[in-house]
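Trainee: Here is how the chains run, residue by residue.
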Amino acid sequence: MSVVPAGTLYRGKVGMWSWVLHRISGVAIFFFLLVHILDTALVRVSPEAYNVVIESYKTPVIGLAELGLVGAILFHGLNGVRIILVDFWSKGTKYQNIMFWIVLVLAVGITAYFTPGHLERVLEF
Amino acid sequence: MSVQIEIPNSPRKQRVTNWEKYGWLYMRISGPLLIVLIFTHVFVNLFTGEGIKQIDFAFVAGKWADPFWQWWDVAMLWLALIHGTLGMRTVINDYTEKPKLRTALVGTLWSVSGALILLGTLVVFTFDPCPPTSNPDLLPSFCEAIASS
Ligand code: HEM
Ligand code: HEM
Numbered sequence: 001m002s003v004v005p006a007g008t009l010y011r012g013k014v015g016m017w018s019w020v021l022h023r024i025s026g027v028a029i030f031f032f033l034l035v036h037i038l039d040t041a042l043v044r045v046s047p048e049a050y051n052v053v054i055e056s057y058k059t060p061v062i063g064l065a066e067l068g069l070v071g072a073i074l075f076h077g078l079n080g081v082r083i084i085l086v087d088f089w090s091k092g093t094k095y096q097n098i099m100f101w102i103v104l105v106l107a108v109g110i111t112a113y114f115t116p117g118h119l120e121r122v123l124e125f
Numbered sequence: 001m002s003v004q005i006e007i008p009n010s011p012r013k014q015r016v017t018n019w020e021k022y023g024w025l026y027m028r029i030s031g032p033l034l035i036v037l038i039f040t041h042v043f044v045n046l047f048t049g050e051g052i053k054q055i056d057f058a059f060v061a062g063k064w065a066d067p068f069w070q071w072w073d074v075a076m077l078w079l080a081l082i083h084g085t086l087g088m089r090t091v092i093n094d095y096t097e098k099p100k101l102r103t104a105l106v107g108t109l110w111s112v113s114g115a116l117i118l119l120g121t122l123v124v125f126t127f128d129p130c131p132p133t134s135n136p137d138l139l140p141s142f143c144e145a146i147a148s149s
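First to last, the sequence lines map onto chains A and B. When we follow the working numbering, the leftmost residue of the first sequence carries the number 1, and every step to the right adds one. When we follow the working numbering, the leftmost residue of the second sequence carries the number 1, and every step to the right adds one.
If you are wondering where the hints come from, they were derived from the structure by calculation, not from laboratory data. This one's a predicted model, so the numbers in the text were calculated from it and none came from an experiment.
Have a look at the derived ranges for each label pair, beta carbon to beta carbon:
1. 21/B to 120/A: 46 to 52 Å
2. 3/B to 28/A: 55 to 61 Å
3. 3/B to 102/A: 57 to 63 Å
4. 54/B to 98/A: 37 to 43 Å
5. 70/B to 90/A: 36 to 42 Å
6. 141/B to 95/A: 48 to 54 Å
7. 24/B to 28/A: 19 to 25 Å
8. 36/B to 48/A: 30 to 36 Å
9. 132/B to 92/A: 55 to 61 Å
10. 31/A to 25/B: 23 to 29 Å
11. 118/B to 92/A: 36 to 42 Å
12. 133/B to 102/A: 52 to 58 Å
13. 84/A to 9/B: 29 to 35 Å
A few chain A residues that face chain B, going by a derived Cβ cut-off under 8 Å, partial list only:
14. 27
15. 33
16. 34
17. 37
18. 43
19. 46
20. 50
21. 58
22. 63
23. 66
24. 73
25. 80
26. 81
27. 84
28. 87
All C-beta atoms in this analysis are idealised placements derived from N, C-alpha and C, irrespective of residue type, glycine included.
Extracted from the complex, chain B is given alone in its bound form:
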């Protein structure tokens, strides 16, 4: 009887999906996209015009009246939060010794992030720039035209 021994230098068979690799790749693909999305976001909202002084309900309504900025913000929301969550997972894994604590922390992390992604997405797509019972002074100027028509 002879024993079959695998050739020692044959490549290792990969049977399960390598999630760590895809997480690693995700960090590196989302990064450059986030540069464009976030740098533009901060430039438009904070550097141009009146900067932080211009931010109010009417400003947001003005932006989200345009599907372009709606999709911009939703893309930024998903990419940034998943990137940040994967990054925080790495940080947690680095500093926790006990497996139970680690599982609990990473579980909490994904729950919080998932809830906020859902919330943020709903906020963008259910947004009403002209809520009917609101003080007209706080609304964007185009609401008047809608109200009087």
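The shape of chain A in the complex, shown without the other chains:
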């Protein structure tokens, strides 16, 4: 009996998806940080200029994007710890799979816990 090949997708398992998510979240946070340093720099222009721009962070659309940012930073940071453990901890490779699911549950869980309060502030019914 012949063995069915796994397909051209790189393995397609936890190792691949954690890498894809880590990369996308890292790039997204990087671009946020570029903008964030510029918006913070407005405090040196005038209080008015800073407040006007920061108001946009309190609108519904950007408010929703902030949930994505919180989720991304949680996932990237916690998965970063997982990568470090795989590299330096003797049992890291043995537990890498379960560690991925712990990372995912924590990232989604903490974001979900934060969501209602934040939505109340940015949506204002």
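Fit chain B with the ligands to the known structure of chain A by using the hints.
Mentor: Below, chain B with the ligands alone, put in the same frame as chain A:
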């Protein structure tokens, strides 16, 4: 005449600094520090009090009146931006085939990051919480005491 041959299994001599190794290590040392710095930053600014609603000039002035938060933010700025830049460099190296394009992109990346690190550092340390000509309503409450003294 005899030919001198190196012992095949002798360790390779490392003559130049292995920057790739230090970059790799930097990612793994800055990571845990960034967890503490960034998670606290987002917790204080977004999760506690009025969350995003509390952010305005007076809020920033209140934080940066304390050198503790000034240094906190500067450490976060340097560590995060260098970490992000090294990470973006890896991404660029993965997707560019032409050496010239790669050099141009990585050069641009470091220029932008360097400029923003400089800007961010200057902003923190030249910050004036009570700019004299500003509307007092937008300033932190402690400015009144300073103005009337
Ligand atoms: C939506 C979430 C966020 C909000 C509302 C926010 C808000 C702020 C505010 C109000 C400041 C001014 C000073 C202070 O409060 O300490 C600041 C500065 C700063 N934030 Fe954030 N932040 C957020 C997310 C992040 C993230 C994810 C990072 C890291 C990638 C970050 C990195 C920084 C840095 C480096 C500074 C200092 C900038 C400078 O030196 O000019 N922030 N942020
Ligand atoms: C919250 C704490 C963080 C931790 C624990 C962390 C950890 C890591 C680790 C371990 C790597 C892998 C490095 C390698 O394979 O050599 C990595 C990659 C990366 N990080 Fe972070 N990081 C954090 C925050 C950030 C921030 C704030 C940014 C953006 C400014 C960022 C952007 C990136 C990028 C772009 C990559 C490259 C991804 C790739 O090669 O696929 N990270 N991070």
